[in-house]
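Could you build the full structure based on these sequences and the hints that come with them?
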Amino acid sequence: MAEMNLLQAINNALDIAMASNDKVICFGEDVGVFGGVFRATSHLQEKYGRARCFNTPLVEQGIIGFANGLAAQGSVPVAEIQFADYIFPAFDQIVNEAAKFRYRSGNLFDVAGLTIRTPYGGGIAGGLYHSQSPEAYFAHTPGLKIVVPRNPHQAKGLLLASIRDPNPVLFFEPKRIYRASVGEVPEEDYELPLGQAEVLKEGADITLLAWGAQMEQIEKAAELAEKEGISCEVIDLRSILPWDADTVAASVMKTGRLLISHEAPLTGGFAGEIAATIQERCFLYLESPISRVTGLDTPFPLVLEKEYLPDHLKLFEAIKQSVNF
Amino acid sequence: MAEMNLLQAINNALDIAMASNDKVICFGEDVGVFGGVFRATSHLQEKYGRARCFNTPLVEQGIIGFANGLAAQGSVPVAEIQFADYIFPAFDQIVNEAAKFRYRSGNLFDVAGLTIRTPYGGGIAGGLYHSQSPEAYFAHTPGLKIVVPRNPHQAKGLLLASIRDPNPVLFFEPKRIYRASVGEVPEEDYELPLGQAEVLKEGADITLLAWGAQMEQIEKAAELAEKEGISCEVIDLRSILPWDADTVAASVMKTGRLLISHEAPLTGGFAGEIAATIQERCFLYLESPISRVTGLDTPFPLVLEKEYLPDHLKLFEAIKQSVNF
Amino acid sequence: MDIQERVTHTPDFTPGNALQIPIYRVLQQDGSVIPGAVVPDLDEAQALKIYHAMVFTRVLDERMLAAQRQGRLSFYLQSTGEEATTVGFAAALDDADMIMAQYREQGALAYRGFTVEEFMNQLFGNDQDYGKGRQMPIHYGSRELHYMTISSPLATQIPQAAGYAYGQKLAGNKHCTVTVFGEGAASEGDFHGALNMAAVLKVPVIFLCRNNGYAISTPSSEQFAGDGIAPRAVGYGMQSIRVDGNDVLAVCKAMQEARKLAVEQNEPVLVEAMSYRLAAHSSSDDPSGYRNKAEEDKWRAKDPILRMKNWLLAQNWWDEAREKQLLEELRKQVLAAMKLAQQRPTVRLEDLITDVYDEPPALLRQQLESLKAHIRKYPAAYPKSAGGVDHG
Amino acid sequence: MDIQERVTHTPDFTPGNALQIPIYRVLQQDGSVIPGAVVPDLDEAQALKIYHAMVFTRVLDERMLAAQRQGRLSFYLQSTGEEATTVGFAAALDDADMIMAQYREQGALAYRGFTVEEFMNQLFGNDQDYGKGRQMPIHYGSRELHYMTISSPLATQIPQAAGYAYGQKLAGNKHCTVTVFGEGAASEGDFHGALNMAAVLKVPVIFLCRNNGYAISTPSSEQFAGDGIAPRAVGYGMQSIRVDGNDVLAVCKAMQEARKLAVEQNEPVLVEAMSYRLAAHSSSDDPSGYRNKAEEDKWRAKDPILRMKNWLLAQNWWDEAREKQLLEELRKQVLAAMKLAQQRPTVRLEDLITDVYDEPPALLRQQLESLKAHIRKYPAAYPKSAGGVDHG
Ligand SMILES: Cc1ncc(C[n+]2csc(CCOP(=O)(O)OP(=O)(O)O)c2C)c(N)n1
Ligand SMILES: Cc1ncc(C[n+]2csc(CCOP(=O)(O)OP(=O)(O)O)c2C)c(N)n1
Ligand SMILES: [Mg+2]
Ligand SMILES: [Mg+2]
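Residue numbers (our numbering), protein chains in the order written: chain H, 1 to 325; chain L, 1 to 325; chain E, 1 to 392; chain U, 1 to 392.
In short, the hints are calculated from the structure, not lab data.
Any given hint could turn out to be false.
SDA-like cross-link-like pairs, simulated, lysine to any residue; straight-line CA separation at most 25 Å [as the list claims (entries may be wrong)]:
{"no.": "1", "chain 1": "E", "residue 1": "LYS260", "chain 2": "U", "residue 2": "ASN17"}
{"no.": "2", "chain 1": "U", "residue 1": "LYS332", "chain 2": "U", "residue 2": "LEU312"}
{"no.": "3", "chain 1": "H", "residue 1": "LYS306", "chain 2": "U", "residue 2": "GLN343"}
{"no.": "4", "chain 1": "H", "residue 1": "LYS320", "chain 2": "U", "residue 2": "PRO383"}
{"no.": "5", "chain 1": "H", "residue 1": "LYS201", "chain 2": "H", "residue 2": "GLU3"}
{"no.": "6", "chain 1": "E", "residue 1": "LYS309", "chain 2": "E", "residue 2": "ALA321"}
{"no.": "7", "chain 1": "H", "residue 1": "LYS306", "chain 2": "U", "residue 2": "ARG344"}
{"no.": "8", "chain 1": "U", "residue 1": "LYS49", "chain 2": "U", "residue 2": "GLU329"}
{"no.": "9", "chain 1": "H", "residue 1": "LYS306", "chain 2": "U", "residue 2": "SER283"}
{"no.": "10", "chain 1": "U", "residue 1": "LYS372", "chain 2": "H", "residue 2": "ILE124"}
{"no.": "11", "chain 1": "H", "residue 1": "LYS23", "chain 2": "E", "residue 2": "LEU145"}
{"no.": "12", "chain 1": "E", "residue 1": "LYS202", "chain 2": "H", "residue 2": "GLU46"}
{"no.": "13", "chain 1": "H", "residue 1": "LYS47", "chain 2": "E", "residue 2": "GLY172"}
{"no.": "14", "chain 1": "E", "residue 1": "LYS298", "chain 2": "E", "residue 2": "SER220"}
{"no.": "15", "chain 1": "U", "residue 1": "LYS332", "chain 2": "U", "residue 2": "GLY71"}
{"no.": "16", "chain 1": "H", "residue 1": "LYS220", "chain 2": "H", "residue 2": "ASN5"}
{"no.": "17", "chain 1": "H", "residue 1": "LYS201", "chain 2": "H", "residue 2": "MET253"}
{"no.": "18", "chain 1": "U", "residue 1": "LYS302", "chain 2": "E", "residue 2": "ASP2"}
{"no.": "19", "chain 1": "E", "residue 1": "LYS377", "chain 2": "L", "residue 2": "HIS312"}
{"no.": "20", "chain 1": "U", "residue 1": "LYS260", "chain 2": "U", "residue 2": "ASN173"}
{"no.": "21", "chain 1": "U", "residue 1": "LYS49", "chain 2": "U", "residue 2": "ASP95"}
Take a look, some chain L residues computed to stay more than 12 Å from chain E by CB distance [stated by the list, open to error]:
{"no.": "22", "residue": "ARG52"}
{"no.": "23", "residue": "GLY74"}
{"no.": "24", "residue": "HIS153"}
FRET-style restraints, in silico, Cβ to Cβ [said to hold, decoys possible]:
{"no.": "25", "chain 1": "U", "residue 1": "LEU335", "chain 2": "H", "residue 2": "ALA2", "range": "46 to 52 Å"}
{"no.": "26", "chain 1": "L", "residue 1": "GLU226", "chain 2": "E", "residue 2": "GLY289", "range": "44 to 50 Å"}
{"no.": "27", "chain 1": "H", "residue 1": "GLU46", "chain 2": "E", "residue 2": "PRO15", "range": "45 to 51 Å"}
The beta carbon of each residue, even a glycine, is placed where N, CA and C say it ideally should be.
Written out as structure tokens, the structure reads:
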């Protein structure tokens, strides 16, 4: 075990992936010599050479198009998009191409090896274009997997699993806690399962569900609630697509209440999908409406980002409201 | 009044919009001399000249980028994307640019005049890439309006309102019924309100909600249900963003049941957002879980598209299931 | 930095037409080789193989358009007039080079040996279609023949080809990737990203643009303002050549040379083949709305198949009797295969949910089960699948 | 079709370096005009106005980076070394021409008269910021000065500029649009769509590329393989010119000529200004990780402000005393304005939801009301807004 922050855990996972399979290739804007603007790919070019870790020109649609082709050829590309806010020029290559590659060819061809890493989320004074959480935009796309880790240990195991998963995976990294989240991480190679939520804490009165950096807020809110005698079950969804409805439904059947939180705007956010599914599966068990605590239905602001974000206090209030419905 | 099909109604709306405001400009792939591959822009170049109706090069991101700039300048661009399946290269210009233009500039600049028209939907033996219903991909984007008409009369009034609305509007046209949907359309200039759902039929037992071409299936299913003594309230949502939660909630408070249908895949579809909102607003009124009848969570198939689509029989079964819950 | 040394003191603009790239041509329409022209090495067997593929393609296109008109097929798309390009480029490659095409390159597949049955299975989306009846007709693909399954969104295959070729370079297998696209598709942003990345990363890829004058109804004069597509290569520091796309010998030779640059020097190359889309864009299109017959006739006179035939006749490698026999045989083959393909069973209901992921996730399996139960209840409404709902 | 007449019979490839566009330069570093060089018409007043804007920009950049280092500002981005480009191009325009820039063009705003207070209000996101505190520092905009609000996603403004200019052409107002972008941004797909559309549709737009050698850490050798950006214009049939971006006279003259082509002939033009990003990419960056000091020093010796100063001195339009006074004044101005801007109230809570649409829809109004109620409950947790929650 070693103490690592989330960035180091990601760097470590990439290092292990590249060492254990010479088909793994990392690239993106500034990922070469410089090691990426957040330094997630530090030293990889030094270790594995320019052919396997390199800068690309500044063209996201080209990067993902190139990655799709490389994956189709049998390589294992790990492409970085510098900020999740800049993934949209590659939307077509992800949604129309990567996601449909295997299906449309009847499994003649696939982009099994593809992983796309990108930092997401707010709380860093980034304004409209360095703060977005676009996971829901992709979650409407059969054929993709979507993963979001909450801490260094999770990040390493989930990233290694994503790189090796035989499907294209979008890996969203919570950049606000890149350095702030520190923890013990096994030094060896390990994987954590995709498509499975994790119950972090059992509880009786309400289920709290989130992913990524938002888990921190959820856990803080749960502490506040516990002090008022509300017993919270806390779940990290971890995979947005396919998502683990069974674990969530089992929890809600027990607690009778569900609160879901994400930073992205409410309307069309992934909490909506979860709420829709769970109200159907747990209809007779629900004691109060499923509650969503999210960003506002606006672009991401700068000066008032604290006001915009679903923090632990807003969550705490929503917990009380749900329990006192 | 004149009898028109849906395409003629759209052509007529564009004609009126161009005649009544010389700032209205129509362009896109093949929209010039040819009048568009579906002929929605027929004769407009002849009437209004090449400067106001023209072919563009084949580049969706360029078309919408160009349209954004033109709108910022004060013109009223009506850009056509040939198929909704091909809108994704323009995703960044729509989601990061058009939607955020006014907000990020503090209202110094806007793309008020922008309208994007595009044919969507399946049922035409189009397979993966001539069948998609991507409205939910955009519905997670504050700043956009999204409109889907169900018939010629609606199409004309909603398109005229969209072109004149001081916000960027995405206008999805149900291409399966371009020619099949025929009806009386007033010849004069008129607008129908954006952001308002329409109750087509009142009923007591269940609320059926859809939009666009799917309304036909919903109405057929309602007929089948009525024969079995189930009284259906039928609502056309018309605007996906902002959507009219008040009308839907009022209906569900009355009927106690809600079924929502769209062609797009279930997961992340807009029915999820509606179900999440309505379960919250109508919690104590719901007599059965809100039901979603949608496309499968796969890309759009070809040979088995009938099996894939949420047709009137699937809807009818779901209605019965909801009522007999 | 070299560029810093080149200085001028007058504000002279480089004109938009500073580069005027000529068309490389070998054959005249009468089949004679232009004196002094550089011809590819082609022996009789290969020449006849090429010709055969060109004629097959023409016959296939004619018959299948007719089949579409008769309502036997939902959609078809011909390549008439461009067979010299689509067959000629494939003939210049190693058969294991990867081809990532647009949709009008059935000639290349024919040259590589995609059988008439394989064509038909895709066109009719039956149980033998590699694509499992998911894509519209003409979206062929073959893993065995190193031919990437066609995808409708234009130009997406261009950066993918750069990536594929990068993988080939790393694998060190001395193969290249050829991506084919229209002059219309070359307007997409993906084209730009692809060529620039390929040039910077030095990958063995050949970008072959079929400049056939139209993108559906849009003439190339409304598609670009410059001297076609080839000069763009200079903007990326990439080599390029323009070739007469109706001249199979020129296409073949240009592609052989391009392949050498790609495979031996890891140099990407842009090749522009000048031709004309003689038929409608597809069975859904009617060109009379946007171009005149005189223009079509001018190009019909440049028929690439006739040109090659004339050359073969001049070589004494061909005669009219064999021509007649070949045409008859091919027509028969196509009709017979069509009949068979149409009679085959349709795709399996299960294949609605396979290949979305490597394994169908739980939700998809549930969706399939509900669908099956529904079809059992209303078998008449789902004639394609009702029969197979409980087996297969 | 002219192109059909140009024929060759040998498969000769056009090399990737077929076009070598020279750099147009007027001024030497010592301020002397190169003999025979074509210079722009500039009278003393305009020359001094340009110089003033350049020096102001440098002072602003220095002070604000320092402020960022002191933690007074979350972010800053300097334009050091590129002031001749960013001020020089603006000086060649009509003040009502639209500018759609990338983010490093504060020089153009300064030239147009954006006041130091206006700069500060944006940088500190206070109640006077036109952008209402929504975007990061340096995302300036001014409707009055025809300067489009900066947007972070790169290259998106390039096709927008083509569209804006099309609207100007239709309006017949004899104005053009100038869009500025880096050589890195020129790799984006939007660049390609924009230039091609502008060329085909003949719009009065000038594409000004600041080729400053780097895109964050990526050197231009890993950004493109060709001879920079200017030769790409030929691929679109568009005129182009390359200019020494550290030579304000050359930039100004080239842009004056480009503007004529745009406005008088509706010809889009590509202008490439060769320069160097002397500072870090932004306050978040440290270039020591990817380039060496020797390279920076080489370029520091080509300081564009010093070059212009030397010319002004040679013209007898300037002296050291005035230089000293100007610097002192500007520094004082900047510091004073910073202090004021920092002290101003912050943005209104209501502005969280305005401008998403022309009018906030019902759901947004509800969201604001809930937020207000929440802040009233926990005022200490929301210090920026708690005070104003019930008024303003
Ligand atoms: C991204 C995208 N936009 C639009 C279309 C619709 N479309 C299909 S073919 C075509 C024209 C293509 O022209 P070109 O590339 O010149 O090829 P050609 O048909 O001439 O062979 C268009 C616009 C598409 N398939 N994909
Ligand atoms: C679409 C997009 N991708 C990535 C970024 C992150 N980014 C900001 S600036 C920059 C480099 C830009 O370089 P260049 O265009 O040369 O301009 P310069 O900074 O040199 O002035 C990058 C990659 C972005 N803002 N937008
Ligand atoms: Mg074409
Ligand atoms: Mg740069």
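Exercise for the section: Measure nothing beyond the straight line between the CA atoms of LYS260 (chain U) and ASN173 (chain U); if it is 25 Å or shorter, mark the hint as holding. Expected result: Holds. LYS260 (chain U) to ASN173 (chain U) sits at ~14 Å (cutoff 25 Å).
Practice task
Could you grab the alpha-carbon distance between LYS306 (chain H) and SER283 (chain U) and see if it respects the 25 Å cut-off?
Solution key: holds (23 Å)
Practice task
Decide if the proposed pair is consistent with the structure: LYS23 (chain H) and LEU145 (chain E), CA atoms, cutoff 25 Å inclusive.
Solution key: holds (23 Å)
Handout entry: Given pair status - LEU312 (chain U), LYS332 (chain U), alpha carbons within 25 Å
Key = holds (24 Å)
Problem - 25 Å Cα cutoff - pair LYS202 (chain E), GLU46 (chain H) - result: Holds: LYS202 (chain E) and GLU46 (chain H) sit about 20 Å apart, inside 25 Å.
Practice task
Compare the distance between the alpha carbons of LYS201 (chain H) and MET253 (chain H) with 25 Å, and conclude whether the hinted pair is satisfied.
Solution key: holds (16 Å)
Practice task
Compare the distance between the alpha carbons of LYS377 (chain E) and HIS312 (chain L) with 25 Å, and conclude whether the hinted pair is satisfied.
Solution key: Between LYS377 (chain E) and HIS312 (chain L) the Cα gap is close to 14 Å, so the pair holds against 25 Å.
Practice task
Please work out if LYS306 (chain H) and ARG344 (chain U) have their alpha carbons no farther apart than 25 Å.
Solution key: Given pair LYS306 (chain H), ARG344 (chain U) holds - Cα atoms ~19 Å apart, limit 25 Å.
Handout entry: GLY74 (chain L) and chain E, when compared Cβ to Cβ, separated by more than 12 Å
Key = holds (25 Å)
Handout entry: Restraint status (C-alpha distance of LYS320 (chain H) to PRO383 (chain U) at most 25 Å)
Key = Holds, at roughly 24 Å.
Problem - Hint consistency between LYS306 (chain H) and GLN343 (chain U) [alpha-carbon to alpha-carbon, up to 25 Å] - result: holds (20 Å)
Handout entry: Restraint status (C-alpha distance of LYS372 (chain U) to ILE124 (chain H) at most 25 Å)
Key = holds (23 Å)
Hint violations for this structure: none, all hints satisfied.
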